[in-house]
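Sequences are here, hints too, so could you generate the full structure?
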Amino acid sequence: MRRYLGQAFAADGVAIGLALVIAVLAFSILEPAFWSIDNVLNVIVQSAFIMLLAVGMTFVLTAGGIDLSVGAVMGFSAGVSMYVMGEGYWFGIAILAGLGTGLFFGLLNGFLVARLGLNDFIVTLGSLGVAGGALRLLDSIRPLRLERVVEETEAFTFLAHGKVIGIPVPIIIAVGVVIGLEILLRRSPFGRRVQAVGMQRDAAELAGVNVARIRHTVFIMAGLLAAVAGVLMAARLSSVPARLGLGFELQAIAAAVLGGTSLFGGRGTVVGTALAALLLATLNAGLQISGVDATWYRVILGVGIVAAVAFHQWTVRFSAAQAFGPALARPPPRSDRRSGDEGQKDARGEAGP
Amino acid sequence: MTAAAETAPEIARSAAEVLAIDHLVKRFPGTVAVDDVSFAIERGAIHALVGENGAGKSTIIKVLSGVYQPDGGQVLVRGEPKRIRSPHHAQELGVTTIHQEQTLIDSLTAIENVFLGREHLKGPLPRVLNIVDTGRMRQEVLSLFEDFEFDIRQLGRAVRDLSGLEKQIVEIVKALAFRSEVIIMDEPTAGLTEHERIALFRHMRRLQERDTAVLWVTHRLEELEGMADRVHVLRDARLVGTLTKEEVTPARVVRMMIGRDVDSIESLVAEQKGTAAETADHDEVLRVEGLSRGRDFTDVSLMVRRGEILGIGGLAGAGRTALARAIIGADRLDSGEIHIQNKRVGIRNTARALTAGIAYVPKERKTQGILPEFSVTRNITMSALERFRRAGLLNSRMEADEADRYIADLQIRARSNRQPMDSLSGGNQQKAIIARALSAGPAVIIFDEPTQGVDIGAKMEIFKLINDYVAGGGSAVIISSEMVELLGLSSRVLVMRKGQIVGELPGYQKAGGEADVHSLEERFMALAVGAGTA
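Chains A and B, in that order, are what the protein sequence lines are. The working numbering puts the first residue of the first sequence at 2, with every later residue one more than the last. The working numbering puts the first residue of the second sequence at 3, with every later residue one more than the last.
These aren't lab readings, by the way, just hints derived from the structure by calculation. All residues carry an ideal CB built from backbone N, CA and C; glycine is no exception.
Some chain A residues close to chain B (C-beta under 7 Å, calculated; not the full set):
1) Arg193
2) Ala197
3) Glu206
4) Ala208
Given below as structure tokens:
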């Protein structure tokens, strides 16, 4: 019985889906207003931004890396598209400028990490600083908000406020991205390679995987998805605060890890990430509606990350011990993951001088 | 075969017994790892512990070194029952284990490693603030290091710069400095070259002269003869017998280990003699010219024909693996050309190499071969993913069919194709990785130490696999530190030394008789260590 329970919980998204249902029920009982259509849609739209960031993060983490810059890149992309809107360009140009900004940071992060072999933690921490600073510079040139409401700006804000057959546009975009990327991760050769690279980078390379290209690609994806979130954010807020995106990387990591993606690479789930993003948005909205101080949300976030990691190690260990004997009854040895770049040289064995 | 038939007469318990296990039992959820095993080790004796992977050797070692607690039976140290609480406690009791994975700290010197955690200090300050008295530490172990033929000029160098043998000596000296009476050596010769192995055996004899007992775990059964005073053979968690020095022959040990007769390496050699298939007129499959890379290797040229096995021998550090890695695009070349089937190819990464037709079976299986959490199926299909697509997406049915075919063909023992790779035994993991290479349909496969750390049964199966592959029109390059394996499998053997090819020899297949074989082996060794030319 316990064995099946352990295995069921280990399956992607089951535990997090359960937590989501419990949270929704709890808030509905505490505050009946929570369960109104408007509020539910609002919560889902709120979650869409984190969801997009976290899905990109899921690919980076699964490939054994980390991208701390996604929040800042989202903010800067939002700022750039807003700036271009403010200059009076066609809204399509503004969208492309925002996406281009994310693409640029993704390409740059990926190049420095995957091609030059720099440490991803340091590189993306640097990008976080650069993108965050750039947004403030932009803001100091001209306030980043939509000032006149004309046809053009309406087309832009439609991205966030519009509805197609009654469903808000951000939800349609997020659901499309989640479904598409879940299939990509689970069923495509690319997704399989992403997992292999995160699981054992040297083995993947020697099995013929172009490791540098895979790692480069996941950073590009993270940057681009951050930009999508940024453009939607700009459209929704109609003004971009100079500190937009600050701390979003923490929420993105939390959503990915809560959803069942391993911080150490090799295992990831887009659907789990999406459910966890939904859970975080539910908690945030629920706490607000219940009149709880917003700071508690950050505490819950921190506790949630640690609890999720502990929980996953428990289920992995438990179901493995039951099914395959003692060899697996331990957390996998992962000490080399974070220092992979230095480790590669040693792993070459006799090739050293 | 009954256990009793092979068991040596019980040795009377005596004061000479320094370490013994008595009806030892160790269980894990769902399995018994050690089932009622008893034996005793006397002072100054070399005891070998052999068995296939999973037979229980490492569990016994872990009980003796205090990592696991027994579920039944007891451990006796100098005749007294003891509960060994931890590896530290084991050392206090005089039992030191030298693990297969080096436990030395790479960045520290030999002496610092020996005294790690027990440094002699000098100066007036409280302990944690004090200066390490290197001079006194050096003085204390100098003679020990000299006894073991350790070049004392190396004492001040970081351990990472030492050879495999030198590291073993540091471990031995460390154990002796702890006043150990028993040293447990887990596969001490793994990764050592032929002459380092011989030196290590000399050192084991020296330990014997010092009255230190050795419990020695090895896969290489040909090492046992003449070295081990007793050989304890495990099979399926039980002790199937203990052989005395006089009784030990590799064939007999193998028979006990696997419970059936198999070809030993000798019979492989005998089989290969005079069987060289004529491949001289076959097409060239792989030709490399003038390959150089930094200090790893210089101006290496070689050629492999269809249906041929080319061996590459040499000491550790001769540049063999570096050469293989550069050919498959894992490391960059400084200069040189690679031709596949007479077409020059540019290989910038391993994906290109695979497309060009070169697959690689890496030597460090655990870190460079397996994808541990993936299923057997996913491990096998990894190098040929594009073939299992339907409408752009991976088709799990097609993948499973491919895996099942190889599981059957290569006799990979797995409960199902969905079993995680890291729960397979070493030999079966290796077969799955060979299946991965075969599945990519390459023109040539480079095998790097293909039988390292696999048991004898799996070893013979791997030999057969390689032979079948080339008989079916493939080509192979084999890098191996086991001379018999290298000369036995290959039709030609290139010998590398210090990054260069120093000679070419025929394999056993071309050898006529015993004398021929012997002189071939001598020429091989001479080339590898640099004492002669071909």
